Amino acid sequence: MAKMKTKDPSWSEVKEVLVDLDQKQLLSLVGDLYRLSNDNRTFLHTRFKIGGDPLSPYRKTIEECMYPDMYSNKPVQISKAKKAISAYSKAVGDPVGEAELMTFFVECGNSLTVNYGDMDEPFYDALNGMYRRAIKKVLTLPEELRDEFRERFEAIMDSSSNIGWGYHDMLSEDYYEAFLEDEEE
33 MAKMKTKDPS
43 WSEVKEVLVD
53 LDQKQLLSLV
63 GDLYRLSNDN
73 RTFLHTRFKI
83 GGDPLSPYRK
93 TIEECMYPDM
103 YSNKPVQISK
113 AKKAISAYSK
123 AVGDPVGEAE
133 LMTFFVECGN
143 SLTVNYGDMD
153 EPFYDALNGM
163 YRRAIKKVLT
173 LPEELRDEFR
183 ERFEAIMDSS
193 SNIGWGYHDM
203 LSEDYYEAFL
213 EDEEE
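So our numbering is basically just the index in the sequence shown, starting at one, shifted up by 32.
Certain hints may be false.
[To be verified] Cβ pair distances, simulated, as ranges:
1. K39 with R73: 44 to 52 Å
2. P100 with Y208: 28 to 36 Å
3. E45 with Y148: 44 to 52 Å
4. E48 with S193: 23 to 31 Å
Source of the hints: derived by calculation from the structure; they are not laboratory data. Treat the numbers as computed from the prediction; the structure is a model and nothing was measured. Glycine is no exception: its CB is placed at the ideal position from the N, C-alpha and C atoms.
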């Protein structure tokens, strides 16, 4: 006898149930989700601007993933660092914060390779890709916010001059393509 394929539950079905809940039931549900995981707590704190610096938990994750403690054999975790940026974006959708986290991602990875030596091609591809994304994000910001980021991008590019895999060349290409006019002024 063939098994009947059942479809996975969807957001629409969950929403149908949620609309019938009263405020007390909704608060209880959110409380349960809050206690369920640290990610949920961080999301709610960020969304509702509760606590100190909303970027802090995301920066911490990025730093632990992109510049791990090399003496305790912790691996670089590029995808987890990227997920932290995505989680922040979903929580608040703040382009300045997103640009900050993307730039910080590259700064951490760049510092790791400058301080500890050559990594591998996928690592540099991830840094180049995030550098490019960060520049694109920064270029959407109001002009008065761009200079600080431009200086940070330049510092990353300059510090990478002795790194191989085409890494420095790609950073330079992206930097000058985005900020050539600024350099000529």
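Which hints, by number, does the structure contradict?
When the structure is compared with the hints, numbers 1 and 4 turn out to be violated.
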